[in-house]
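There are 2 protein chains.
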Amino acid sequence: MHTSYQNFREYLEELKRRDLLVEVKLPINKDNQLGPLVRWQFRGLKSSQRKGWLFTHLTDSRGRTFDASVAISVLGASPAVYAAAMGATDPRDIPHIWEDAIQHPLAPVQVASQGAPVKEVILSKEQLSGEGVDMFPVPVINPGTDAAAYFSSPVWITKDPETGEYNAGTYRAMVKTSRRLGVMILPGQDARTHWQKARRLGKPLEAVLVVSPIPALTVCSVSKLQGSEYGIAGAINQRALELVPAETVDLLIPATAELAIEGYFRTDVLEHEGPFGEYTGFTGSRDYNMIFEVTAITHRKSPVFQAFISEMPPSESSLIRSVGLEAPLRKELRQRLPSSFKDVNLFEESGSNFFLAIQLNSPGLGEAWHALHVANAFTPNFFKWIVVVDEDVDISDLGNMIWAMSYRVQPHRDIEIARGKIGLLDPSAAPLTASAREHFYPGELGCSVILVDATRKWAYPRIALPEQQYMLDAKQIWENLGLPALTVQGTWHAYDLGFWPDDWATDADLAAAGRYLETGSRLAKERTMASYIETGEVVPPPDGA
Amino acid sequence: MHTSYQNFREYLEELKRRDLLVEVKLPINKDNQLGPLVRWQFRGLKSSQRKGWLFTHLTDSRGRTFDASVAISVLGASPAVYAAAMGATDPRDIPHIWEDAIQHPLAPVQVASQGAPVKEVILSKEQLSGEGVDMFPVPVINPGTDAAAYFSSPVWITKDPETGEYNAGTYRAMVKTSRRLGVMILPGQDARTHWQKARRLGKPLEAVLVVSPIPALTVCSVSKLQGSEYGIAGAINQRALELVPAETVDLLIPATAELAIEGYFRTDVLEHEGPFGEYTGFTGSRDYNMIFEVTAITHRKSPVFQAFISEMPPSESSLIRSVGLEAPLRKELRQRLPSSFKDVNLFEESGSNFFLAIQLNSPGLGEAWHALHVANAFTPNFFKWIVVVDEDVDISDLGNMIWAMSYRVQPHRDIEIARGKIGLLDPSAAPLTASAREHFYPGELGCSVILVDATRKWAYPRIALPEQQYMLDAKQIWENLGLPALTVQGTWHAYDLGFWPDDWATDADLAAAGRYLETGSRLAKERTMASYIETGEVVPPPDGA
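Taken in order, these protein sequences are the chains called A and B. Per the working numbering: the first sequence = residues 1 to 545. Per the working numbering: the second sequence = residues 1001 to 1545.
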């Protein structure tokens, strides 16, 4: 059962139907109460208990009240919420929905501006002289840390100045004045390419900041996609995205979004922006970043303003980021390693950025390394640790990863370090006082990545547990004894990993049948002189010794 | 409140009083039911639910019944059980008890044999011609995998043939015949040194296999201690260990143990032993190992036979091993890095062997690397991954470790790989068909270790969370709203890591007060030409740009 959404409000209704929305009607200060309140659910509730939040009675530290509402944590609160955003009911369907949509995008369609929800209210440049962008309840997400109210979940629409190709990307935006935003767009992000091309052409880069489009577009916007976010979002939502022209710039934008802020990025100068608490767990610096000058605002009446909880992981953005990065990477690896690729997992604890697990099924010679190289080449920005494991390792479980890294790796043989990576928001790259160049690409060879082949290099002996049948029999006894209910996690019985000689198997059967003395007697014929301890060479002893 | 134990039975009584013992009176087959049954608690219960087990009605696959009982999982079922074994009530006291005991051992005392519990029944060599060691309910721990019944929790007493120094060590022992055991003693283990010295002297090595002494001696036996296990166990138990002479060999053994098997290790020949499911998670191989010839058995009437659940981690032995290795390592590191050392943690998921975290407090220049080298030099056998982190990283939490390894490490700069380690039970060292030499020390340079400096190399910006006071205020709102109860885990508010300039602090306060437009206006004076994006150099723009 797939659910399509015409607009963001339909999505909130669906969350409500699924009991995945907390509605707060009490007055809440957007500057120092809203962010901390929602954050507690990421610090003190299990993932399965987390929900989306809707605040309908907002105030601020200046005593203002707002006509608009804020919806926050409504995309990445939990796998169940994320599934709802993708129109699915079962989180396990998420990877398939992604892969299908990437393979078969659904082109957007242009519709009439008249009657488009995003055009319900149109404010020209002249009408922005008062509060301007500050008329909306833009929250201060990390009060005491962030330097301003931030658009944490903006969908920035730009076009490549040369090819005309569209991009939708999420880049943090600081509220500076009624008509000026500060925006951080990092190396490797598509809008930065657009900006650099515009700069070379000597003109500004037109853009629209869209807030609260259908959820599929926002999840595409934070993902590392090749191809059009408009088309892939349409495919995810199983409904072609409807677009209308912006008022003051040459761009098509989603017709049913709650809010659109039109304008242009200056390409002549940059301005200090930040600090802002980032998904890495550390505050992102103040640095010279892009200036966005606003030329018009259009919006629905009483708009619902969407924000992210972006912060020290786990957070909303870490879940969204990980799933959005995994989807295109999965496609890439499946294409390159069709016979062995099984799955990937990007651990949220690394900010969904720096610790990647790849699972292969009986990889052929060299395939583990090919997988490591393909993942590393996927983007210059992400993945500091890439670890490839076998099919029997649970890549969602860090303990299982550590087990594989312990007993399937010889560091001198199975690990390579490669340089040349670009460091994004990575405080280990260079001191904060260093130049921007050093931050992104220190020492002329850049940041680095460590590739770990934690697959078995040869046949292994079987897992150190009892045979499955004995475990099942014992479970029956467990239940008969009335012992506490079991919640079985991970491996619970022996399995073969390629090396299990016939005599070992026979002797194990004898032992379970209590006949181990037969084995013990037989082994008296399998002796060597004690020099074996030093030489490793078997020298049969004289008869009778 | 400290509890001392005179003998193993007193300890079981204490477990019972603490509701930490499951007594099974149903008939249970020691060859294929006992191990699987207890194992379920490590596969399906939370650590806090796990207990020790006592089986009083044992049968076997040959239809025998036994006068003896089996106690299993009674030392390492959980931190609460382990604390009881150390005589403590709070698991948090365990490290201190260990450190005190290592610093101040309590010398053992010799007592009269007459009346010693371990001498209640004395069986000479001639009286062993029947069942011999097979008269006891030695369990098959991993039916379907293990080649025989194994002593999984033996305490082997040996003396250095040159210095006379005692050692107590735990080495797996396979029941082969009524009077012969197969024993695996690995490189780097003290008894192996004794064996090698005896071999050079051209004589066998006398030894006694002790079962169920006071719990403190067993935990010392599985630990990596420098110094006498007898003395340290006495100090842990706050009561000097009482010793009596063995009957047929020149060794003093614990007077109150349940069972003692006397004899000698042959040093002229070796014999096939194994396979046996090991703590690594994989089955330990069949290889040429030591032969132990039995010369006498003494025991209490109706002895209680202690066994370990040793298997794929987490298991009983992984908890015991980790605490026992951490204690002496903690002492070593504290001595070498007195101003910065804070704590260590050996993750059970690595078999309590291969993934070690070291926590330092504001380490000085080079101290992170000194800590890595000291830990690496501590033993040639253990620690494949050694990761040193700062004081703000929770070393008991793998997610937090991954976070530190993501944002405080540049692999090319902060990682070293060193060779020369000895591989014990490590299937990644060499194929199973390779020689023993290759298994322990492949490629003439041995196995390897990877050292990771995951400390901050310079001041970092603050943690990306709201200020503590805002979080506390929000928690009040959370409670007023009647939201689900919070179980707070890990970091929940911002803290400083050295870099937090005054203007960032001021602007953050302004933002929380809703005055961020003041900051935005001010920042218009902090601009640079856009060439900064390529050069990283600040070039002030012309006036008014």
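Hints listed in this document are in silico derivations from the structure and should not be mistaken for laboratory results. Every residue, glycine too, gets a C-beta built ideally from N, C-alpha and C. Incorrect hints may appear among the rest.
Taking lysine-lysine and the DSSO-like style, the derived pairs with C-alpha atoms no more than 30 Å apart in a straight line are [what the hints assert, rightly or not]:
1) B:Lys1475 with B:Lys1457
2) A:Lys525 with B:Lys1525
3) A:Lys224 with A:Lys159
4) B:Lys1224 with A:Lys475
5) A:Lys475 with A:Lys457
6) B:Lys1159 with B:Lys1224
7) B:Lys1203 with A:Lys475
8) B:Lys1025 with A:Lys475
9) B:Lys1197 with A:Lys525
10) B:Lys1159 with A:Lys203
11) A:Lys46 with B:Lys1046
12) A:Lys16 with A:Lys125
13) A:Lys125 with B:Lys1119
14) A:Lys46 with B:Lys1119
15) B:Lys1119 with B:Lys1046
16) A:Lys119 with A:Lys25
To spell it out: a stretch of chain A is covered by chain B in this simulated footprint if at least three of its residues, at any positions, have a beta carbon under 8 Å from a beta carbon of chain B; those stretches are [claimed, not checked]:
17) 6 to 15
18) 170 to 179
19) 319 to 326
Right, here's what the structure says about each hint:
1. B:Lys1475 with B:Lys1457: violated (34 Å)
2. A:Lys525 with B:Lys1525: Roughly 89 Å separates the two Cα atoms, so the pair is violated.
3. A:Lys224 with A:Lys159: Answer holds: A:Lys224 to A:Lys159 is near 17 Å, not above 30 Å.
4. B:Lys1224 with A:Lys475: violated (35 Å)
5. A:Lys475 with A:Lys457: At roughly 34 Å apart (the allowed maximum being 30 Å), A:Lys457 and A:Lys475 break the hint.
6. B:Lys1159 with B:Lys1224: holds (17 Å)
7. B:Lys1203 with A:Lys475: Between B:Lys1203 and A:Lys475 the Cα gap is close to 49 Å, so the pair fails against 30 Å, i.e. violated.
8. B:Lys1025 with A:Lys475: holds (17 Å)
9. B:Lys1197 with A:Lys525: holds (26 Å)
10. B:Lys1159 with A:Lys203: Violated, at roughly 86 Å.
11. A:Lys46 with B:Lys1046: At roughly 16 Å apart (the allowed maximum being 30 Å), B:Lys1046 and A:Lys46 satisfy the hint.
12. A:Lys16 with A:Lys125: Between A:Lys16 and A:Lys125 the Cα gap is close to 37 Å, so the pair fails against 30 Å, i.e. violated.
13. A:Lys125 with B:Lys1119: violated (99 Å)
14. A:Lys46 with B:Lys1119: This hinted pair is violated, its Cα atoms lying about 56 Å apart.
15. B:Lys1119 with B:Lys1046: violated (40 Å)
16. A:Lys119 with A:Lys25: At roughly 27 Å apart (the allowed maximum being 30 Å), A:Lys25 and A:Lys119 satisfy the hint.
17. 6 to 15: violated (count 0)
18. 170 to 179: holds (count 5)
19. 319 to 326: violated (count 0)
When held up to the earlier numbered hints, the structure conflicts with 1, 2, 4, 5, 7, 10, 12, 13, 14, 15, 17 and 19 and fits the remainder.
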